[in-house]
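Peer 1: Here is what each chain is made of, one letter per residue.
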Amino acid sequence: MGIRFVLMVNKQGQTRLAQYYEYLTLEERRALEGEIVRKCLARNEQQCSFVEHRTYKIVYRRYASLFFLVGVDNEEVSRAHTFTIMCPNELAILEFIHLLVETMDRHFGNVCELDIMFHLEKAHFMLEEMVMNGCIVETSKANILAPIQLMDKAS
Amino acid sequence: MGSQGGFGQSKEFLDLVKSIGESRSKAEEDRIVLREIETLRRRITEPDIPKRKMKEYIIRLVYIEMLGHDASFGYIHAVKMTHDDSLLLKRTGYLAVTLFLNEDHDLIILIVNTIQKDLKSDNFLVVCAALNAVCKLINDETIPAVLQQVVELLYHPKEAVRKKAVMALHRFYQRSPSSVTHLVTNFRKKLCDNDPGVMGATLCPLFDLIMIDVNSHKDLVGSFVSILKQVAERRLPKSYDYHQTPAPFIQIKLLKILALLGSGDKQSSEQMYTIIGDIMRRSDTTSNIGNAILYECICCVSSIHPSPKLFGAAADAIAKLLKSDVHNLRYMGIDALGRLIRINPEVAEQHQLAVIDCLEDPDDTLKRKTFELLYKMTKSSNVEVIVDRMIEYMISINDNHYKTEIASRCVELAEQFAPSNRWFIQTMNKVFQHAGDLVNPKVAHNLMRLIAEGFGEDDDTADSQLRSSAVESYLRIMGEPKLPSTFLQVNCPTLVSYAWSSPSICMCGMLLCFCCIQVICWVLGEYGTADGKYSASYIGGKLCDVAEAHSSDDTVKAYAVTALMKVCSYEKAAGRKLDMLSECQSLIESLSASHSTDLQQRAYELKAIISLDGIAMENIMPLDASCEDIEIDKSLSFLNSYVQKSLEEGAKPYLTEHERSRTRNISNFRNHDHHDASTHSLRFEAYEVPKPVISARLPPTASLTELAAVREQSYQREVHRSPSVGSLSDKGSQELRLRLDGVQKKWGRPTYSSAASPSTSDSESHTVNGTGKGKSFEPSSRRQPEVEIPEEKQKLAASLFGGTTSKSEKKQSGGGIKGSKATRSTADQTRATTAVVHPPVDLLDFGEPSGAASGSSSTVDPFKQLEGLVDTNQYSNVSKDPDLLSLYSDAASTSGQNQNQETGNLSHGSGNRTTKGPNLKDALGKDALVRQMGVTPATQNPNLFKDLLG
Chain A
1159 MGIRFVLMVN KQGQTRLAQY YEYLTLEERR ALEGEIVRKC LARNEQQCSF
1209 VEHRTYKIVY RRYASLFFLV GVDNEEVSRA HTFTIMCPNE LAILEFIHLL
1259 VETMDRHFGN VCELDIMFHL EKAHFMLEEM VMNGCIVETS KANILAPIQL
1309 MDKAS
Chain B
2 MGSQGGFGQS KEFLDLVKSI GESRSKAEED RIVLREIETL RRRITEPDIP
52 KRKMKEYIIR LVYIEMLGHD ASFGYIHAVK MTHDDSLLLK RTGYLAVTLF
102 LNEDHDLIIL IVNTIQKDLK SDNFLVVCAA LNAVCKLIND ETIPAVLQQV
152 VELLYHPKEA VRKKAVMALH RFYQRSPSSV THLVTNFRKK LCDNDPGVMG
202 ATLCPLFDLI MIDVNSHKDL VGSFVSILKQ VAERRLPKSY DYHQTPAPFI
252 QIKLLKILAL LGSGDKQSSE QMYTIIGDIM RRSDTTSNIG NAILYECICC
302 VSSIHPSPKL FGAAADAIAK LLKSDVHNLR YMGIDALGRL IRINPEVAEQ
352 HQLAVIDCLE DPDDTLKRKT FELLYKMTKS SNVEVIVDRM IEYMISINDN
402 HYKTEIASRC VELAEQFAPS NRWFIQTMNK VFQHAGDLVN PKVAHNLMRL
452 IAEGFGEDDD TADSQLRSSA VESYLRIMGE PKLPSTFLQV NCPTLVSYAW
502 SSPSICMCGM LLCFCCIQVI CWVLGEYGTA DGKYSASYIG GKLCDVAEAH
552 SSDDTVKAYA VTALMKVCSY EKAAGRKLDM LSECQSLIES LSASHSTDLQ
602 QRAYELKAII SLDGIAMENI MPLDASCEDI EIDKSLSFLN SYVQKSLEEG
652 AKPYLTEHER SRTRNISNFR NHDHHDASTH SLRFEAYEVP KPVISARLPP
702 TASLTELAAV REQSYQREVH RSPSVGSLSD KGSQELRLRL DGVQKKWGRP
752 TYSSAASPST SDSESHTVNG TGKGKSFEPS SRRQPEVEIP EEKQKLAASL
802 FGGTTSKSEK KQSGGGIKGS KATRSTADQT RATTAVVHPP VDLLDFGEPS
852 GAASGSSSTV DPFKQLEGLV DTNQYSNVSK DPDLLSLYSD AASTSGQNQN
902 QETGNLSHGS GNRTTKGPNL KDALGKDALV RQMGVTPATQ NPNLFKDLLG
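From first to last, the protein sequence lines stand for chains A and B.
Numbered per the working numbering, the first sequence spans residues 1159 to 1313.
Numbered per the working numbering, the second sequence spans residues 2 to 951.
Calculated directly from the structure, the hints in this document are not laboratory data.
For glycine and all other residues, C-beta sits at the position ideal for the given N, C-alpha and C.
Watch out, some of these pointers could steer you wrong.
What the hints assert, rightly or not - Straight-line Cα separation of at most 27 Å, DSS-like style, residue types lysine-lysine; simulated pairs:
id: 1; chain 1: A; residue 1: Lys1311; chain 2: B; residue 2: Lys118
id: 2; chain 1: B; residue 1: Lys121; chain 2: A; residue 2: Lys1311
id: 3; chain 1: B; residue 1: Lys81; chain 2: B; residue 2: Lys118
id: 4; chain 1: A; residue 1: Lys1311; chain 2: B; residue 2: Lys239
id: 5; chain 1: A; residue 1: Lys1311; chain 2: B; residue 2: Lys54
To be verified - Ranges of calculated distance between the beta carbons of each label pair, as one might list FRET restraints:
id: 6; chain 1: B; residue 1: Asn140; chain 2: A; residue 2: Ala1304; range: 26 to 32 Å
id: 7; chain 1: A; residue 1: Thr1183; chain 2: B; residue 2: Ala594; range: 46 to 52 Å
id: 8; chain 1: A; residue 1: Ala1304; chain 2: B; residue 2: Val152; range: 22 to 28 Å
id: 9; chain 1: A; residue 1: Gln1307; chain 2: B; residue 2: Ile110; range: 32 to 38 Å
id: 10; chain 1: A; residue 1: Thr1183; chain 2: B; residue 2: Lys239; range: 40 to 46 Å
id: 11; chain 1: B; residue 1: Tyr655; chain 2: A; residue 2: Thr1183; range: 49 to 55 Å
id: 12; chain 1: B; residue 1: Asp107; chain 2: A; residue 2: Lys1311; range: 32 to 38 Å
id: 13; chain 1: B; residue 1: Ser593; chain 2: A; residue 2: Thr1183; range: 48 to 54 Å
id: 14; chain 1: B; residue 1: Thr182; chain 2: A; residue 2: Gln1307; range: 34 to 40 Å
Only chain A is shown next, with the shape it has when bound in the complex (with noise of 0.2 Å):
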């Protein structure tokens, strides 16, 4: 599905996890993340979740104050070469960040953004269940928890 980034900003633009399936610098992190930040406060609520960035698409959707926002492949789009499959399918990755809010949900318990910010490691280890390689492979609540929760055990 090509999942190049998936980021948690606040609408201060203050990231509060960042998982990059691709390596950038820091400086280039910086500098997208800024970007991209920009781009998506500017857009208003009735506007489409997606938005287009250099190589990217970005889906977004907004909780609270938290905007979760997932970087894809951007379809490359010519006459000659009608036949494109690398496309992203947004509803699809939409629905997946709404997943991962609902599995952060289950855990925490009515997550809000502290609790990402205290439990930053959680936060990424859901996500390391979620997504590997920059592909979807778990989207079962059960099976993406059930490693935290024996951790929380044996801790």
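Add chain B to chain A, keeping to what the hints say.
Peer 2: For chain B alone, coordinates are given in the frame of chain A:
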């Protein structure tokens, strides 16, 4: 609940998180992080840090990097933590390492050993943690170190391990396919794993494999179809359901795979028809996820061998999507339509008004998607309208990335479908005017070539008409008051907003003209006087104007003076008396003393040519010979006898530059007291280039190069135009020299004899020409787009879609409009009725319901209630952290209720409501906990605790 067990972190950590959360500017955040870096630098090296404390330090490092600062001083501690016995610490260590390091970092070597050990662990969670790290950290060289173990883990008793092992192998395949080619059969086996999670994960590598080689996987079609069938029939565990849809993400992945396998394969496709039809029928079009699946089905249907039945279902689904009020769904609809028209373009016709609505929507994403659709459905009958629209849009945006994209699409469509050459020229002019700095320089050549070649038939009158119209149009463009400043004004927004990103853009006003001016000068030079309408002196005057307007730009002056030379020589060749305007004379005089050797050369050549007689002139500068072939004797064999003779007379043999450089001292010395301009001609040693001269002369060039670098992202740049620099650098320093090639291609070799100058460029254009013959320029008798003022939309629809059908040519203008009228009225009606039933509510509007009036009515502000529970005086700034999901459900129930008038799915909405109670308590609980930990919100309403709904 997890959080109720206490945050488990020290007050120090909570304070850090709190202060980061409360910071209200990037600068403040940076200060906090910098302070934190200092603290950690000291602390992390202390001896005997308790493990828990260390884990906290590592998380703090993660924060530092996440907020954009360097935490490399602590990487080694993260690496050390991966050795820990405690699972939580180990996994935290691995997490930090994967976040900090890329695959080629030096520290990776320290981790490989740990990974190897952990892959053998009895604890499957340790194995999983190691496999996660494998996916992120193993590079080509270290694959062999873990490959065998990973393969064994594919058959581990725990499904979680098998799943991650599959993904690790997938990663190896992505990194270095050759290292695992013998192992890919494992993926097929894992497809039959009895755990659905493993099966689902295996679809990822299989998708990649199939994309590369479809044919060797055709035998799997049956398996995929049967898996999809089982998934759709809810045979998978309930936990995979998402919003009552069975394993939607697996369904989508399977549909993507089927789309690949069925493409152009009737037999395979037929196996899929039933299941795709079933899924489309069952899909729940009221939910996002249902529509996501539906969209994927449409993609699949448009990719596989067409089935009329599925095509009909897909068309109906698209109609529903396009009728939606939700932008996201319309976006998907437009995208899907773009796919379906590949099977049958007629399908677009029934949606013409919806498409135009999307085109005119203020939402840029939607608009852009619609342009993409139009681009796909462009044909000779609607190219004019579409390209006009695209140019209009191109002018309105100031994002160079998309401007470039649209400009190149305009050019592509125009080249492919232009109804007439005249239109083509006008269109190209517009593109140059507004995005001249962004289009491929090759485009300018295509245009010049087209003007030179005409229709390629023996229709001389048409050709000359074309040329005169080109001349007219350029004279008009020049007539617009002050060429450069107009262009600069047009581009002011671009300039302002992009100046920061690259200083070279500051030159874009000038550069804009480059393509344009190049074409203008060339056309005026070649054909300015051809039809006798304009006198040589008039054209000459115009060319002087160009040169004067760009007095700081040698390249432009070079264009102008060469064009002037052509005008003069044609004039003389035709036997007319040549009146040079005084301004032309003075231009030539001033150029003869120019700092640029190239301009000097050109000026002197011009002077020399003017003094020749008409016959000589005709030979040197044949009229309209830009398409003639010219043979160039590159080996200069005609000089052989001369060289031979000289050698016999005792002349020194020629030395290559390399050989000469050994004797540079002498030549350098001799060179030194020479005339200023010639310092460039006899310099063999790379002494420092005189700075002031360069800066005076090179700005346009320098910026050109820089800009070109920017442009390279979007298209390959063929050549570079900058003749002045070319000649400057002829024998000069290395980097300048590199650009010389491009120069020759563009404008001939300026330092050669005057005759060679235009002809080289001509031969160049001729060679390019061979490739472009396939272009279809249709006769200019095409219909005009009848876009008029009233019912503009209908007209637009007619002109866009009127020609979509094959029989369009006849019914186009009449039928198209009539059809659209009918559609329109029904569409209006439906819209009117729907508007009554339920006001447009964005289903995806999960944020603050401030905008939608209908939303606020049913939304309960938790803080209103909070205030009731907590003493407002005491806690006027009480920390309230409402949970994200309840907010969501709040909004969802709102929109849900609106929607439910149709769906009757009200229980869901009210079900969400019930979660409100615990939410409040939770919020208060968390608040209290935070306070216990000593984190008290500052009085000035910090962001983190801010009333999110307010």
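Peer 1: Could you see if the CB distance from Thr182/B to Gln1307/A stays within 34 to 40 Å?
Peer 2: holds, 39 Å
Peer 1: CB of Asp107/B to CB of Lys1311/A, is that within 32 to 38 Å?
Peer 2: With Cβ atoms ~37 Å apart, the hint holds.
Peer 1: Take the C-alpha atoms of Lys1311/A and Lys239/B, compute the straight-line distance between them, and say whether it is at most 27 Å.
Peer 2: Answer holds: Lys1311/A to Lys239/B is near 25 Å, not above 27 Å.
Peer 1: Within 22 to 28 Å or not, the Cβ separation of Ala1304/A and Val152/B?
Peer 2: The hint (22 to 28 Å, Cβ to Cβ) holds, given that Ala1304/A and Val152/B are roughly 24 Å apart.
Peer 1: Between Thr1183/A and Ala594/B, does the beta-carbon spacing fit 46 to 52 Å?
Peer 2: holds, 50 Å
Peer 1: Going straight from one Cα to the other, do Lys1311/A and Lys118/B come out at no more than 27 Å?
Peer 2: holds, 24 Å
Peer 1: Is 32 to 38 Å a correct range for the gap between the Cβ atoms of Gln1307/A and Ile110/B?
Peer 2: holds, 34 Å
Peer 1: Mind checking the hinted window 49 to 55 Å against the Cβ distance between Tyr655/B and Thr1183/A?
Peer 2: 50 Å Cβ-Cβ, so the 49 to 55 Å window holds.
Peer 1: Are Thr1183/A and Lys239/B spaced within 40 to 46 Å by their CB atoms?
Peer 2: Because 44 Å falls inside the window, the suggested range holds.
Peer 1: Holds or violated: Lys81/B and Lys118/B, Cα atoms, limit 27 Å.
Peer 2: holds, 14 Å
Peer 1: Take the C-alpha atoms of Lys121/B and Lys1311/A, compute the straight-line distance between them, and say whether it is at most 27 Å.
Peer 2: holds, 22 Å
Peer 1: Could you see if the CB distance from Asn140/B to Ala1304/A stays within 26 to 32 Å?
Peer 2: Since the Cβ atoms of Asn140/B and Ala1304/A sit about 30 Å apart, the hinted range of 26 to 32 Å holds.
Hint compliance for this structure: every hint is met.
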